[in-house]
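The whole structure should be built from the sequences, with the hints applied where relevant.
Numbering of the sequence shown is given in full-length UniProt numbering, commencing with residue 1 and proceeding in unit increments.
A hint or two may mislead.
Taking lysine-lysine and the DSS-like style, the derived pairs with C-alpha atoms no more than 27 angstroms apart in a straight line are [claimed, not checked]:
(1) K257 to K165
(2) K257 to K168
(3) K178 to K257
Label-pair ranges, simulated between beta-carbon atoms [as the list claims (entries may be wrong)]:
(4) T119 to E69: 36 to 46 angstroms
(5) K165 to G269: 18 to 28 angstroms
(6) P111 to E17: 46 to 56 angstroms
It should be emphasised that the hints constitute simulated quantities derived from the structure, not laboratory data. Ideal placement from N, C-alpha and C gives every residue a C-beta, glycine not left out.
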Amino acid sequence: MATLTLRQFEQFLVVAETMNFRRAAEQLNMAQPPLTAAIRQIELLLGVRLLERGNRVTSLTAAGKVLREEARRTLEQSQRAVELTRRAGQGLMGSLRVGFVASATRHVLPPLIARFRQTHPDVALDLAEATTSQQLAALDEDRLDVAIVVLPLDVNVDRRIAKRKLLKSRMVAVMSAKHALATSPGRSVPLAALAREPWILFPPTEGPGLYATILDACAAAGFVPRVVQHAMQMDTIIGLAAANLGVGLVPEPLASKEVSDVKFTRLAGRGTPVPYEVALAWRRTDSNPTVAALVDSCAG
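In C-alpha cells:
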C-alpha cells in the first residue's frame, strides 16, 4: 500500500494552494526542480495525475482536490498530535485518579482541587472516597495515582510512598451536648477525664497510624479507652456521640460543623495535644507528570 510522508503531504499542499511551483519552492525553502520532481514522485507513487499543467500549473484534477483536503487535515492532525503529546508530557492534560479520606472533604480537598483546576483545566479527575488503608492498598495496586491520607504511615509504607503534608491540626473531643463534661465550666477538658467513658472510634485497620496515636495519647493520660462502637467515618462518630452512645475524638476542623445536640471540646493535660495531620501520598516510583503537577500545586 502506497503511503506518503508528512513532508510529501506538505509539499503537495503548498503547490496546490499556490498553484505555482516557484512560489511553492520559496515557501518550502527548496529549489524548484527538486519540488517538481517530488510532486511527480507523489503522482507515480499514487498512480494518479494530481495537477493539470503545461508550462505552469493550471488546475487540480479531481484526485488532486481530494489529496489537497486530506493533506490539510493530515498536517493539522499531525500538529495537534505533537501539541497534545507535549502537553501530556508536561502534565497539562490526561487523567488523574485521586483518593481522599472523608474528613478531608471540607478543608483539604476543595482548595487543592481548585488550585489544580486553575493551572490544569484539561486534566480529568477521577475522585474516590476511601479510608487511609484502602487508599494505600489502591496505590500499591495502581488503582490510584495519588491519595489524601491521615498520618502517620507505617515505616514500611514510608519506604515506597512519598508524601507532602497538607494539613496540621489536632483532635478534639466530641460528646453529646447533654453529657456532664459538656456542661462543665472551661473551654477544654482533660483527656484523662474521658478514661471512664465509653468510646466511639474508627476500626484500627482503616487508619492504623492515627489509631495508634490516639491509644498512645490515652496511655500517656493513664488509661486504655473502652471502645464500645466502631464507625468508619468521622461524621458517623459525631452522629453516634450526639445520640449519647459514647465520646470520641475527631479532627478539630470538623468542630465547625453545625450539628445539633453535640459539643466539641478541646483536650488538655497529659497526652495532649493529639495530632491530626493529612498528607498527599503517591508512589515514589511514579513518573507520571500529572502526579508531579498535583504535588507542585500543594505549595500554592
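Right, here's what the structure says about each hint:
Restraint check: the Cα-Cα separation between K257 and K165 comes to about 23 angstroms, which is no more than 27 angstroms; the hinted pair holds. This hinted pair checks out: K257 and K168 have alpha carbons roughly 18 angstroms apart, not beyond 27 angstroms. Distance check on the hinted pair: K178 and K257 sit about 18 angstroms apart at the alpha-carbon level, within 27 angstroms; holds. Remark: the range hint 36 to 46 angstroms for T119 to E69 is upheld by a beta-carbon distance near 37 angstroms.
Against the hinted window of 18 to 28 angstroms, the Cβ-Cβ separation of K165 and G269 comes to about 26 angstroms, which satisfies the hint. The given range of 46 to 56 angstroms is respected by P111 and E17, whose C-beta atoms sit roughly 50 angstroms from each other.
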